[in-house]
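> Residue numbers (the numbering used here), protein chains in the order written: chain A, 1231 to 1634; chain B, 1231 to 1634.
Just so you know, these hints were derived from the structure itself, not from any lab. Worth double-checking, as some hints may not be accurate.
If several chains are the same, the list does not tell them apart, and a pair holds so long as it fits within one copy or across any two.
Stated by the list, open to error - Straight line, CA to CA, 27 Å or less: simulated DSS-like cross-link-like pairs of lysine-lysine: (1) K1325 with K1606; (2) K1578 with K1606; (3) K1606 with K1446; (4) K1630 with K1353; (5) K1353 with K1311.
Number of protein chains: 2
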Amino acid sequence: MRSGKLVIAQGGGPTAVINQSLVGAVLEARRFPRIERVYGARFGVRGIVNEDFIDLSAESRAALEAIAATPSAALGSTRDKPDLDYCRNIFASLKAHGACWFLYIGGNDTANTVHIVSEEAAKEGYDLRCIHIPKTIDNDLLENDHTPGFPSAARFVVQAFMGADLDNRALPGVYVGVVMGRDSGFLTAASAAARIFNGDGPHLIYLPERAFDRAKFLSEVKSVYDRLGRCVIAVSEGVRDADGMALSVRLAGKAVKDAHGNVQLSGSGALADLLCEEIRSELGITRVRGDTFGYLQRSFAGCASDVDRREARDVGEFAVKQAIRGGGDGSVAIRRSGDYAVDYGLVKLVNVAGKTRAMTDDFIAASGSDVTPAFKKYLRPLLGSDLPQAARLRGGAVAKVLKR
Amino acid sequence: MRSGKLVIAQGGGPTAVINQSLVGAVLEARRFPRIERVYGARFGVRGIVNEDFIDLSAESRAALEAIAATPSAALGSTRDKPDLDYCRNIFASLKAHGACWFLYIGGNDTANTVHIVSEEAAKEGYDLRCIHIPKTIDNDLLENDHTPGFPSAARFVVQAFMGADLDNRALPGVYVGVVMGRDSGFLTAASAAARIFNGDGPHLIYLPERAFDRAKFLSEVKSVYDRLGRCVIAVSEGVRDADGMALSVRLAGKAVKDAHGNVQLSGSGALADLLCEEIRSELGITRVRGDTFGYLQRSFAGCASDVDRREARDVGEFAVKQAIRGGGDGSVAIRRSGDYAVDYGLVKLVNVAGKTRAMTDDFIAASGSDVTPAFKKYLRPLLGSDLPQAARLRGGAVAKVLKR
């Protein structure tokens, strides 16, 4: 039986629980004498190419547990999207360091990198077991019921909208909250779980899966405002018009692009400001406020779903078990069974790599500006326990006595 | 001994714990047979003028406790800043409903309203006990060591910057987080408590108490970025230049004003976007992101400081005790004793009404872009227990093997 090093890395946008997966993998790996050392690559695959490794073999269990409870990627991450040459350099470094196992935690771009490295190793006949561990707040990986990181981000969005709706109820007006999600509306849709009583917001939810129509939007906002005297709106940063162009891009003029050629949607309040200005000028409503949840929703300290924590830990541990038992390379996937349990499987890397899962029609209301009960049922168990509950005064109205 | 109704209202911006003060007052009031009914005015003093009262006398204790744990103002709030005529209408309504006690929870504008109503009652020789109960996330009331609402908002800011700094560490660049606070920098300054290890952000903190100098700002950002390869910045929405004009106003061109004549600073991402654009264009740094914490910081569900919850409850209860025992009208104030305990007193309304407390020099570092250890010592006990702790990997570097 071959022995050697295990190399693990974290890629893409951080989440509240990606370190759980790291620690799950590291602790599990340390159980196997065949795994001589556990190396963590700093700043994703860039760290592999640069041989920027730290040895996690000796890190104490208590220290690792503290890391697991810390949001963001403890090893550092990268937005690099490696091409074939880059992947060859990754493979060369892994080989030079005697790696027999390569685990990479991330989204669909990360899965793609794992896939290319896996193929390079196979071409050379080098025995490198490559496993992709899922992570993304966007919940946009195929083959998965949901992905680690999404439930905690969703919980943040729920707590944010619960508070924003209470605030808006106290000081009525229109509130627009812009939520992350380039191509998939899951995270924005999660805002629906903030509703407890009838009349609670968000009253309107706009997803990238449906073309954003300005006239329809204004008409829907007006309708809610006329009925309730207020309106709370959840909007995905990725909403796009019928031509498929993101609103935030159309308004930005010059767009900032990342290494993947993706336009930067986050880290700017422009979309919320634009929508607020439209509502103010077109509907004549005075009190209109917009917030962009930005980086808080993926990294806020102290808001993780316990279900998410457990599952993120599990997928890291499961990845090592799969790696050590041999067999084909693959991507760990979460499946749901019953109501509510999960099990894990290993699926082909090509089924996940570079592909994007969007919300299906059964999750989106016919209006196009809300979710269905099926989505709420899907979401509820993911949010975890001890979700804050908003309460409302019921007290009876007092009769008026003044003659006016 | 006179008996009658007690009327309570909530004014100004909601907080995470203003309902604790409401419930503290209501439960305490129900202990006194002299207080025949407890009326809540909906939407602040506007509800008093409109006789929009609900009877809280019969609300169950469990229901009230659920309200206490809910952020935002359960009675509704108002931004109205009553003039003398308005206050006469308030008084007329209170009198018509047989109110003997008037409690109003809010900030310095609210205290001013209580003061005018108190004077009106005195002029008429009507026995109305008027007490102001402090609340504001800005922490800007005179006579108080700190004000209920601030500790919970500060906790949100700390957890947000803790997460944002971890995120920025994983994907280095410049991050700008804009925090509420028109005239007082306390809430922005609280971000300093997010630092645990050396090198943790926020690395720079800009407060309204110090003139914002664009050149100094850019030079400081460059200096941190050159040293660490990243930079996390906390900026108060109220930062202003040497002429005293708020940056967000100067850039806004047309400014949206509220009923108090205050320019709307919150509910827009413009300041963060402006600062990011400056850093991008002047320093040539590519990855620059800005978030505006907006309404989340005052209403986010599930992020209250337990110390804040207790104190907010206490000031509501204390207000009723003071009201029932007679004596002069006043404003409840929190005083700190020892390390760390508080007691409460009643101070003159004029000492609080319409006045603003800013951070004193001993809390602001000589650089003008950080806080002092004295401020951190002041803040720490307010944040409450079980604050999330960020951990860091220590693992030793692995030697390189590739020749490049």
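> Let me make sure I understand: some of the numbered hints might not hold for this structure. Which ones are they, in numerical order?
Going through the list in order, the structure violates hints 1 and 2 and respects the others.
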